[in-house]
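Asker: Chains as they are written, first to last, in my numbering: chain V, 24 to 316; chain B, 11 to 279.
Hints are computed from structural coordinates only; laboratory data are not their basis.
Beta carbons are placed, not taken as given, at the ideal position from N, Cα and C, and that holds for glycine.
A couple of the hints might just be wrong.
Quick list of simulated restraints, FRET-style, between CB atoms [as the list claims (entries may be wrong)]:
no., chain 1, residue 1, chain 2, residue 2, range
1, V, Ser-235, B, Gly-82, 19 to 27 Å
2, V, Pro-132, B, Val-261, 24 to 32 Å
3, B, His-205, V, Ala-258, 30 to 38 Å
4, V, Ala-265, B, Asn-154, 45 to 53 Å
5, V, Ala-258, B, Val-19, 34 to 42 Å
6, V, Arg-315, B, Val-261, 29 to 37 Å
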Amino acid sequence: MKNSKPQFDSYYGKPVLKAPVWSPLDIGGYLFLGGLAGASSVLAAGAELTARPGLARAGKVAALGAISASAAALVHDLGKPTRFVNMLRVVKPTSPMSIGSWLLAGYGPAAGVAAATAVTGLFPGIGRAATIGAGLLGPAVASYTAVLISDTATPAWHGGYREMPFVFVGSAATAAAGLGMLAADPAEAGPARRAGLFGAALETVAMHQMRSRLGLVAETHHQGKAGKLLKAAEALTIGGAAVGALLGRRSRLAAAVGGAALLAGSACTRLGIFHAGVQSAEDPKYTVEPQRA
Amino acid sequence: MGFFTDTSVCIGCKACEVACKEWNAVPEDGLNFSGNSFDNTGGLSADTWRHVAFIEKPVEKPAEGVQAVDLGMPTVGQSTPDFQWLMSSDVCKHCTHAACLDVCPTGALFRTEYGTVVVQEDVCNGCGYCVPACPFGVIDQRENDGRVFKCTMCYDRLGAGQEPACAKTCPTDSIQFGELEELRERAAQRVEQLHADGFEKARLYGENPDDGVGGAGAFFLLLDEPEVYGLPPDPVVTTRDLPSMWRHAGVAAATLLIGLAATFLGGRR
Chain V
24 MKNSKPQFDS YYGKPVLKAP VWSPLDIGGY LFLGGLAGAS SVLAAGAELT ARPGLARAGK
84 VAALGAISAS AAALVHDLGK PTRFVNMLRV VKPTSPMSIG SWLLAGYGPA AGVAAATAVT
144 GLFPGIGRAA TIGAGLLGPA VASYTAVLIS DTATPAWHGG YREMPFVFVG SAATAAAGLG
204 MLAADPAEAG PARRAGLFGA ALETVAMHQM RSRLGLVAET HHQGKAGKLL KAAEALTIGG
264 AAVGALLGRR SRLAAAVGGA ALLAGSACTR LGIFHAGVQS AEDPKYTVEP QRA
Chain B
11 MGFFTDTSVC IGCKACEVAC KEWNAVPEDG LNFSGNSFDN TGGLSADTWR HVAFIEKPVE
71 KPAEGVQAVD LGMPTVGQST PDFQWLMSSD VCKHCTHAAC LDVCPTGALF RTEYGTVVVQ
131 EDVCNGCGYC VPACPFGVID QRENDGRVFK CTMCYDRLGA GQEPACAKTC PTDSIQFGEL
191 EELRERAAQR VEQLHADGFE KARLYGENPD DGVGGAGAFF LLLDEPEVYG LPPDPVVTTR
251 DLPSMWRHAG VAAATLLIGL AATFLGGRR
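Chain V extracted, bound-state conformation (with noise of 0.2 Å):
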């Protein structure tokens, strides 16, 4: 005590805030698992209108086999899966979860009559008309989980509220064309192609504009496991994107390596943006000074 010369800053070092109690792959998961269900919809509707059958049937399982396990991931998370209709016993608009848990019960049946119908040819109309309402409702599935991580008190997600939503739907884009590249004919894949661009193009940009606006707080896109995380998204992106772009089209191979590049990225941005929230709030510095600044 006599000799050190002490900060105070916060009680001993201790966080000011509480970190999330989500396990990150329960929740990481959760989000990159929305993402690329909500765009999957979006591209199996484009390919649906545009007589692209195997890219709109690769989105449309892409879409209920993420959704699916995303809310077993959410239910993992709650302990219990009684707990889940808890979900649903209130609307709460000031709440992004309640709001979220109302969407995605419209949302997951739609994807699941689309994929069905696509899986067994049956009911084409209705079919048809899933895969539309599906495409539809996918963007705000894609980003209503920004708001939800940025509604809280961690300084890393509250202070990126603004741009959080544009990562969100850039990493959800190349999730679903990552996806599409490695499941479709590459005959057909060209749109999940420029999907990947124009994915990581929104991503890096967004991602670039959040950080000058956290200013101190970005400091945990650079550290740590985050930092680690991030890096390897944003090379896995934009490498995916281009391999994508340049040779998704003359070689299966290529198309594949890229797909899976791209979704690994967006696992990763998730990842990442998760473990930054978390690092945010166990250290008082980037709760005090941003407050005081």
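Fit chain B to the given chain V structure using the hints.
Answerer: Showing chain B alone in chain V's frame:
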């Protein structure tokens, strides 16, 4: 109704922590000395609803004209200690604009007829959204349960016309319970008195209804900067920006829809 915690008379006895645990049957969470101070609870959590902070800091010189009184205490070698204690009993702030209540997707958190914020244990589904939403880091998830818990301001005692257990047991009246208006008046007088006595850094925290959380239902008289006590200097309810967040998300969603639609232009390639 609310709390006014006057930390200038807190003696760090932790009777409030014990009374809270006893009355509310809050589970034991270990006696974990941090090695930093005599504080054995560390901070507010699902199982610590009142927390007395022990802040050891170097002695400050008394203000001009104030004479330190020699209490004649026994000493070892040194005539005056080189550090002093600040003690403060922290608690849920029961914010007027409460982020935890706003973000709760199930309605498990609600505002009582006393203006306080309470969790309904049987409705909470353990989503944990309120935990990072709280700008004070108060509410927390109980391990092995998954649901969240925090101070209820002894909702059950208020219903029976009694004051909360912590205020009842506080031997120095550091924790005072009552109508917020009346408490604010009393607090303002106390700050004036402390300033007159030379404690220039004495200030109120959370008493202003125009602050970022609309004023706290539990406010404090502090003898130093809020962050010294582990409190945020300028907390703002996160949902203040929610309309703007939804607008940005709407524009982003439209960008995604239009951007992906555009990828289908340009022919069959």
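Asker: Each of the hints needs a verdict: does it hold here or not?
Answerer: Taking the hints in turn, this is what the structure says about them:
no., hint, verdict
1, V/Ser-235 with B/Gly-82: 19 to 27 Å, "violated, 60 Å"
2, V/Pro-132 with B/Val-261: 24 to 32 Å, "holds, 27 Å"
3, B/His-205 with V/Ala-258: 30 to 38 Å, "violated, 58 Å"
4, V/Ala-265 with B/Asn-154: 45 to 53 Å, "holds, 48 Å"
5, V/Ala-258 with B/Val-19: 34 to 42 Å, "violated, 58 Å"
6, V/Arg-315 with B/Val-261: 29 to 37 Å, "holds, 31 Å"
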